[in-house]
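A.B. asks: The chain contents come next:
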Amino acid sequence: MSAPYAKLPAWADYGLIPLVNLAVAFIVAGLVVLLVGENPFRAAVILVEGAFGRGQGIAYTLFYATTFIFSGLSVAVAFHCGLFNIGGEGQGYIAGLGIAIVCLSLDSVLPWYLLFPIAIAAAALFGALWALIPAWLQAKRGSHIVITTIMFNFIAASIMVYMLVDVIKPVGAMAPQTRNFLDGAQLPKLNWLIELFGFAKIRSAPFNISFILALVMAWLVWLLIWRTKLGYEMRTYGFSPKAARYAGISETRIILVTMMISGALSGMMALNPTMGDQHNVALDFVSGAGFVGIAVALMGRSHPVGIVLASILFGMLYQGGAELSFEMPNISRDMIVIIQGLVILFAGALEHMFRPAIQALFASLSPKSVGMAEAGKGA
Amino acid sequence: MDFFNVAVQTLDSTIRLSVPLLLACLAGLYSERSGIFDIGLEGKMLAGAFASAAAASVFHSAWIGLGMGILISVALALVHGFASITHRGNQIVSGVAINFVAAGSTIILGQAWFQQGGRTPALAPGERFEAIVFPGADAIRDVPIIGPIYSELISGHSLLVYIAFLAVPFTWWVLFRTRFGLRLRAVGENPAAVDTAGISVEWLRYRAVICTGILTGIAGAYLAMVQNAGFVKDMTAGKGFIALAALIFAKWKPVNAMFACLLFGFLDAIAIRLQGSPLPVIGKVPVQFMQALPYVLTVVLLAGFIGKAIPPRAGGVPYVKER
Amino acid sequence: MAEAAIELIGINKSFGPVHANRDINLEVARGTIHGIVGENGAGKSTLMSILYGFYQADSGEIKVNGKPASIKTSNDAIAAGIGMVHQHFMLVDNFTVLENVILGAESNALLNSSIAKARSELVRLEREYGLQVNPDALIEELPVGLQQRVEILKALYRGAEILILDEPTGVLTPAEADHLFRILKQLKEQGKTVVLITHKLREIMAITDTVSVMRQGTMVATRETAKTTVEELAELMVGRRVLLRVDKGEAKPGAVKLSVKNLVVRDSRGVTMVDDVSFEVRAGEIVGIAGVAGNGQSELLEAISGIRNAVSGSAMLDGKPIDLTGAADPGELRERGLAHVPEDRHHVGLVLAFEENENSILGYHDDPRYLKGPLLNIDAIVADAKDKIEKYDIRPSNPRLKTANFSGGNQQKIVLAREIEQDPGVLIVGQPTRGVDVGAIEFIHKRLIAMRDAGKAVLLVSVELDEIRSLSDRILVMFAGRIVGERGPEAGEGELGLLMAGVEQKEAAE
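Protein chains in written order, with my numbering: chain A, 12 to 390; chain B, 232 to 554; chain C, 256 to 765.
You may find that some hints are simply not true.
Claimed, not checked - Okay, the calculated beta carbon distance ranges per label pair:
| no. | chain 1 | residue 1 | chain 2 | residue 2 | range |
| --- | --- | --- | --- | --- | --- |
| 1 | B | PRO356 | A | VAL182 | 39 to 49 Å |
| 2 | A | VAL316 | B | TYR393 | 15 to 25 Å |
| 3 | A | ASP177 | C | ARG524 | 44 to 54 Å |
| 4 | A | VAL316 | C | GLY628 | 21 to 31 Å |
| 5 | A | PRO252 | B | GLN506 | 41 to 51 Å |
| 6 | C | ARG591 | A | LEU231 | 55 to 65 Å |
Just so you know, the hints here were simulated from the structure itself, not pulled from any lab data.
From a predicted model like this one, the values you see are computed outputs, not experimental measurements.
Yeah, the Cβ is synthetic: ideal placement off N, Cα and C, and Gly gets one too.
All chains, full assembly: derive it from the sequences and hints.
C.D. replies: This is the structure we're talking about:
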């Protein structure tokens, strides 16, 4: 069989096409802005200024980005193994339970730097276990992992409502959430980091140490995927289950391990909003961040660097979107949800739509750059 | 007779709660039977709900509302078709995208157009589909047993409820008694067989997703114009996914789909009725348990522990002419 | 000669750079059975797909019954009275026979009348042609032979006057095949025209009136079947190739390294592909398995290498048993010194999206040489890959390049280098030179001989008879899942060809 698409230079493949897809997504989003009677260009300016104009904005942008890095990495790790983990939302939500247990029982005993590692482990463990069941069902019973992870999102939501309302909520309290964490379970802020760059004093942004953890995880995921034996096996299975079988890689093992890593990363995303911001575990604290991970992973082409950049972009949208809704009351933060959908549509489902046109363009500009290497050989 | 009245009331709300599930479930049936997976039922239903409520309140007509709901829902279905049929994109990714676009744009447009925090204006009686009272329903209301059953359960629902339940035999008939149905089932199992028989796989699948759009549009209209008097943000609240679960639970068969949706609707009705009050034998059952039950049952079914749900064989795989 | 039912004039078809059909001319007389033979990839199926409107020719003309026909879709072909029985049946498995028959040929929007009409029509066809099948049976519950009958019924129901059958006996038992041939003869008597595509010469001789031979996308000859011989056809089919000279000395077979007893392997559909096969391979010899593609060689290789579980049978590697029916997995076999160059390098032997160096450790990625704890030792892997690139003259000589960017020959060298350089005791090789340029072929052959001379046991499976003959010390011929004969390397091409074509052993011997 010949390759379905002729080869483009790498920069076009990894840079130009994603950018074109992204641009189209934003153009369509601009049309929505137009539809509600606002000027999309002015909206863009407000958005960017809101996100990066002041230290406060940057801190918030990075705070949001932190969560998205975790969820994006989670989706990407599964993608590399050919699996679609739509269950990040539920895995993160359940991880909140692990965090609650650790924080509520230890926050009066341990300082944050001792409690944080335990909380990370608990979050990762709970997320991993919640991903393990769909993984096992896929590997052993052949149930479609997409469907089971969706179902597990809802099951997780039910469990968490039950736990928060009926079990964990302090007696007499109204809100379905844990009591507030004490100092031991409150992560230190990183706002000083931004102030170092000459920005004015940041008053109250929740930008915290888990951002560093997210970057470390991004690096570890890079290490895992491209530098470890396990990552090598995951990629082999992801590209060609047949080649994996040939190479003696166990299908069951690789699916279970990959999904547990993916679930652990989703679990860690719960650290940022709970210990970093609200200082409790509340109803719906994940609020869709698990799904943002899908957009982030698709946009970042499942590479940690791309994911960090895409996360910052989405962090910008969340923060700038908040500012935007002050200036343009018609555009609430739900605009981001549209953009998220459009990014998933154009960078994911329609990722090849513009490829033929771009290839034709390249072919007409410089025929040599579009090598038809290996096309049809051995067919 | 207290128990009897409670039973009738519970069944009545079971019917009301299962209608949107049923419509969405049948919607998914058309698409998935043709080999196009659709996890975007939720989004299409939401968009349909918004469009119908918005149009109904602006044009003061329930029918225009219904039409607009269907139109918008079909438009989104065509986007899914464009991505997954024409461009052979990933059907899961495309479905996820549509859910987000619908979730976001209903709120943004609602706020921009009506300025009520994402709601549409409350619909006046003439702008909704009213309950249809069957002849004699009032007359025999007080007859024991038959009275409540006839006047509460059978009579007194909106047109869309009857449409939903009539859609079940209709879908069965379409699927198993018409040429379109034969081809639809064939293309979801073996598109190459359809192609070599001289039938266009793409056009067939497009027609299937259009059917899906029509039904999710009606489902949305029901939510916004019958169950509620207007659109509230995120009013589908996962019903599209329960419908998907019901579809799997029903093994992609229309009559099974009705029973699956009634079951899931019943669980919902019970959960609402109990609200934490204890059951006779089991004791207190958390509401959340009842709410999670459809999903748990689906997972158990998918795992093959109770029967085996075998999806249409060509489902999720874009059709490429083989060399 | 009777009037032509089909006339193909100057048909050309390319897929990218592959010229699948080149200036094809063909004429098939009405009321005859015409055979088209050729090796796999000769372009037979492509040609028939063009006639059936599944593909469109780049140039050329089609005439049906003397009139130019524009066949753009399968619909046009059906309208022109052409029916096709595909190699992989185009049936909906969970439909009934009736539903399959009417699919696409329904008389109106409702099914009732179509079904009633089809039911009576099936009765008529059954009477006329002896095509008996229960119209209400589900396809998935029918044996393969009956499924094929449904395909024929589908074509006849649509009023086909010309019936094309693509490798129809590939999945049939001999008895089923005989039955099919009786049906085809009956169709012929009723005035239908039949085109039979096959690579089995026995079938051609048994049933056709005329036969055309295709080779590498061209039509090389057309003969009246009565006036030709199997030998002539075999020669036309394979072509007089320049026999690649391979210098090799006398084999010095040593101890048995690999032995297989009573191996039975089924494919995913449950069809028995390897049927009670036993053989052994000794140190210092190359055992070649000859055969036409699809006769169980692929499944045999997969079973021995642990990729596919065998149904029954036993095997020994270096005198110790290996459980091919379950426990043996490719990784373990590799550790015990069994290396495998798979037939399908694109999907099995290589991951085309990987860099060259990543592929050079596939299957050996557990080797401590390539690891630093849990991490890959990239420097060592790349250095090792560079080594192999030099040793095997792999071009371009860049271990960081994506594997998809290498030519077929160089890709194959990557696989070969990986497997041979691990110094295995047993090497099993499938289609080592498929899609490989001439220069690389010679290199690969030399390497295999060198393995033998180093005292390794080599099991070679190839559909290239030349390759088998020039490399093997012993030749086993596989047909329909069985080993139908063993010959020495001096055996003639004709003799082996007959065995491969399934002609009875008695006839073939001497």
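A.B. asks: Each hint: holds or not?
C.D. replies: We went through each hint and held it up to the structure:
Between PRO356 of chain B and VAL182 of chain A the CB atoms are about 45 Å apart, so this pair conforms to the stated range of 39 to 49 Å. Checking the proposed 15 to 25 Å range against VAL316 of chain A and TYR393 of chain B shows it is violated: the Cβ atoms sit about 57 Å from each other. Taken as a hint, the range 44 to 54 Å holds for the pair ASP177 of chain A and ARG524 of chain C, whose Cβ atoms sit roughly 53 Å apart. A beta carbon spacing of about 24 Å between VAL316 of chain A and GLY628 of chain C agrees with the range 21 to 31 Å that was offered as a hint.
Checked against the hint of 41 to 51 Å, the C-beta distance between PRO252 of chain A and GLN506 of chain B comes to roughly 48 Å, which is consistent with it. Between ARG591 of chain C and LEU231 of chain A, the C-beta spacing of about 35 Å breaks the proposed range 55 to 65 Å.
Checked against the numbered hints above, the structure violates hints 2 and 6; every other hint is satisfied.
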